[in-house]
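Residue numbers (my numbering), protein chains in the order written: chain U, 29 to 221; chain B, 109 to 419.
By construction, these hints were calculated from the structure, which means they are not laboratory data.
The reader is advised that the hints may include incorrect statements.
[What the hints assert, rightly or not] Reference listing, derived: stretches of chain B covered by chain U, where coverage requires no fewer than 3 residues with Cβ under 8 Å from a Cβ of chain U:
# : stretch
1 : 133-139
2 : 142-152
3 : 392-402
[Stated by the list, open to error] With a straight-line cut-off of 20 Å between C-alpha atoms, the simulated EDC-like cross-links for lysine to aspartate or glutamate are:
#  : chain 1 : residue 1 : chain 2 : residue 2
4  : U       : K203      : B       : D120
5  : U       : K203      : B       : E118
6  : B       : K156      : U       : D96
7  : U       : K203      : B       : E116
8  : B       : K360      : B       : D386
9  : B       : K360      : B       : D327
10 : U       : K203      : B       : D386
11 : U       : K203      : U       : E159
12 : B       : K360      : U       : D117
13 : B       : K156      : U       : E50
14 : B       : K360      : U       : E173
15 : B       : K360      : B       : E375
[Said to hold, decoys possible] If the Cβ cut is set under 8 Å, some of the chain U residues that face chain B in the computed set are:
#  : residue
16 : Y46
17 : L48
18 : G49
19 : E50
20 : N55
21 : E62
22 : L63
23 : R67
24 : R76
25 : F88
26 : N113
27 : V160
28 : S204
29 : R212
30 : L217
Each residue gets a CB set at the ideal place from its N, CA and C atoms; glycine is no exception.
So you can see what is in the structure, the chains are spelled out below.
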Amino acid sequence: MMRMTDAAESDEALIARYALGEARPFNELYRRYELRVWRYLERNVGNRAIADELLQEVWFAVARGAPDYRPSGSFAGWLFTIARNRMLDMRRARRIEVSLEELGYEAEPVVSALTAAPAAGPVAALVARDEVSAVRAALQELPREQRDAFLLQLEGDFSVEEIAAITGSSFETTKSRLRYARARLRELLSEYA
Amino acid sequence: MSEPRTPEQEADAQLDALYRRSAERDVSAPSAAVREAVRAHAARLAAKRAGGRAPWRLPQLLRSSWRGPAVLGTLVAAAIAGLMVLPRALVSPPPPAVSELARVAAPAPQRPAGAPAVDVRPAPAERAEEKAAAHAPQLGLARQAPQPKVSTAASPEAAPAAEGNVHPYAQAPPPAAAARAASADAVKELEVTGRRMSAAPPAAGRSANADLANVAAADPAARLRGAAESGDLAAVQSLLGARVGTESRDAKGRSALLLAVAAGHAEVVASLLQHGADPNAADTDGLTPLAAAHAAGRPDIAALLTRYGAR
Numbered sequence: 029m030m031r032m033t034d035a036a037e038s039d040e041a042l043i044a045r046y047a048l049g050e051a052r053p054f055n056e057l058y059r060r061y062e063l064r065v066w067r068y069l070e071r072n073v074g075n076r077a078i079a080d081e082l083l084q085e086v087w088f089a090v091a092r093g094a095p096d097y098r099p100s101g102s103f104a105g106w107l108f109t110i111a112r113n114r115m116l117d118m119r120r121a122r123r124i125e126v127s128l129e130e131l132g133y134e135a136e137p138v139v140s141a142l143t144a145a146p147a148a149g150p151v152a153a154l155v156a157r158d159e160v161s162a163v164r165a166a167l168q169e170l171p172r173e174q175r176d177a178f179l180l181q182l183e184g185d186f187s188v189e190e191i192a193a194i195t196g197s198s199f200e201t202t203k204s205r206l207r208y209a210r211a212r213l214r215e216l217l218s219e220y221a
Numbered sequence: 109m110s111e112p113r114t115p116e117q118e119a120d121a122q123l124d125a126l127y128r129r130s131a132e133r134d135v136s137a138p139s140a141a142v143r144e145a146v147r148a149h150a151a152r153l154a155a156k157r158a159g160g161r162a163p164w165r166l167p168q169l170l171r172s173s174w175r176g177p178a179v180l181g182t183l184v185a186a187a188i189a190g191l192m193v194l195p196r197a198l199v200s201p202p203p204p205a206v207s208e209l210a211r212v213a214a215p216a217p218q219r220p221a222g223a224p225a226v227d228v229r230p231a232p233a234e235r236a237e238e239k240a241a242a243h244a245p246q247l248g249l250a251r252q253a254p255q256p257k258v259s260t261a262a263s264p265e266a267a268p269a270a271e272g273n274v275h276p277y278a279q280a281p282p283p284a285a286a287a288r289a290a291s292a293d294a295v296k297e298l299e300v301t302g303r304r305m306s307a308a309p310p311a312a313g314r315s316a317n318a319d320l321a322n323v324a325a326a327d328p329a330a331r332l333r334g335a336a337e338s339g340d341l342a343a344v345q346s347l348l349g350a351r352v353g354t355e356s357r358d359a360k361g362r363s364a365l366l367l368a369v370a371a372g373h374a375e376v377v378a379s380l381l382q383h384g385a386d387p388n389a390a391d392t393d394g395l396t397p398l399a400a401a402h403a404a405g406r407p408d409i410a411a412l413l414t415r416y417g418a419r
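Assemble the whole structure, with the sequences as input and the hints as a guide.
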């Protein structure tokens, strides 16, 4: 009889096996989602140390809550919902104010340029910077809700409907946030796109 | 053949590609210490679960190539024989004396046969699991609460009135014993979850009612949570009318509003909101009422919450 490998199993099957006491399926799930969840958190809060802390809390919660998981939606949706709730909790608790200095690179000139002349575009300020930094800086320029929706779509691969469910927003609101986020990012990253 | 993309769609696609390209090039990553901590924690929990509740496996007897069919055949035959005998067994036994029925059936008029609500606490193992899951994400709040383990032997006095052929209702304990056991358990349950009120029989005897009233008076907030979770609108309104606050939480940080939302009781939710319940009060796992409404598949409640400022 053919034995299905962890790598071939669905997320939902893996979390069900983990809930029954097998450790290996959890490691596979962690491998699949570690980086995506971390990027979602890190780009949202703009701080690696906080993202690490949140990541640990999220996966601890997944491990504890595995027996309670009911596959009414996707595992990814459940996972990112936990991640988002943890992030909101921490924001409330710490009143996180994202500081670009905390990002680990020199971002002040970018911010100054964006603030001083948003209509003229940040191109001149961003040209000299590498693409990675430019994207990260541009993300921080978005309003939180827009950034959250955009990151859920890009890191979580969620549809508009799924993002609306995760964020507790309406479909139209979510769609608008995504549209505005992309419009702003296109403006900020026109030299790179 | 796919339709050609509009310029805006093309620009969006290029932007998404740029994001993904930059993400691939980005060398930043979560710390290895976090990875190790998470995996170690998960492994510990898995080992605990494997020890306490091993995955179900086919008994050794049935795994043998020839014994399996033989044993299964025997079981099927026994089941058929049981079905043939069952109708005779279902013939009602002679009714007990009227006086005895009146004595034992009065405490639980609306409860199904054979389910006297004397001890609704989970078994020790289940309680330990609940404690362990105290901080687990509660997206499954809308699920049915685990069936409480019912014990008919809460005290020696609560033992069945008579051995042998007794009507199922007759297995309820005498009212006085039930009342004492119920009130004692109610105190404990109210302290922890506030659910006891909803699980208690509507009329467990005068003394039980008096005790429960005392308990409720001691912790009306817990009673409010219990009523909210069970959808008892009248009780909720009564408690709110008595100026019982809505901000109280249970051990998992769940407010009356969150419990009502998760259980899908829209009218109770509306009543709580009208009395100033915080629409953004999340539990210890950060589950907000709005998220709970979506998780429970109740867009109507979500809309209601949003009108009151839920985010």
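Given hint F88 of chain U near chain B, where the shortest CB pair must fall under 8 Å: holds, 6 Å
Proposed interface contact between E50 of chain U and chain B, which counts if any beta carbon pair is under 8 Å: This interface hint holds because 6 Å falls under the 8 Å limit.
Interface hint compliance - N113 of chain U to chain B, C-beta minimum distance less than 8 Å: Holds - the Cβ of N113 of chain U comes within 8 Å of chain B, reaching about 3 Å at its closest.
Verdict on chain U covering the stretch 392-402 of chain B, criterion of 3 CB contacts below 8 Å: holds (count 8)
Given pair status - E159 of chain U, K203 of chain U, alpha carbons within 20 Å: violated, 26 Å
Agreement of K203 of chain U and E118 of chain B with the hint, judged by alpha carbon distance not exceeding 20 Å: holds, 17 Å
Whether chain U covers the stretch 142-152 of chain B (at least 3 residues having a Cβ closer than 8 Å to its Cβ atoms): holds (count 8)
Given hint E173 of chain U paired with K360 of chain B - CA-CA distance at most 20 Å: Not OK: K360 of chain B and E173 of chain U at ~28 Å, beyond 20 Å, violated.
When the least beta-carbon distance from R67 of chain U to chain B is tested against 8 Å, hint result: For R67 of chain U, the interface hint holds, since the closest Cβ of chain B sits about 6 Å away, which is under 8 Å.
Agreement of hint L48 of chain U with chain B interface, Cβ distance less than 8 Å: Check passed: Cβ of L48 of chain U comes within 5 Å of chain B, closer than 8 Å.
Hint consistency between K360 of chain B and D117 of chain U [alpha-carbon to alpha-carbon, up to 20 Å]: holds, 15 Å
Given hint G49 of chain U near chain B, where the shortest CB pair must fall under 8 Å: holds, 3 Å
Violated hints, listed in ascending order, are 10, 11, 14, 15, 28 and 29; each of the other numbered hints is respected by the structure.
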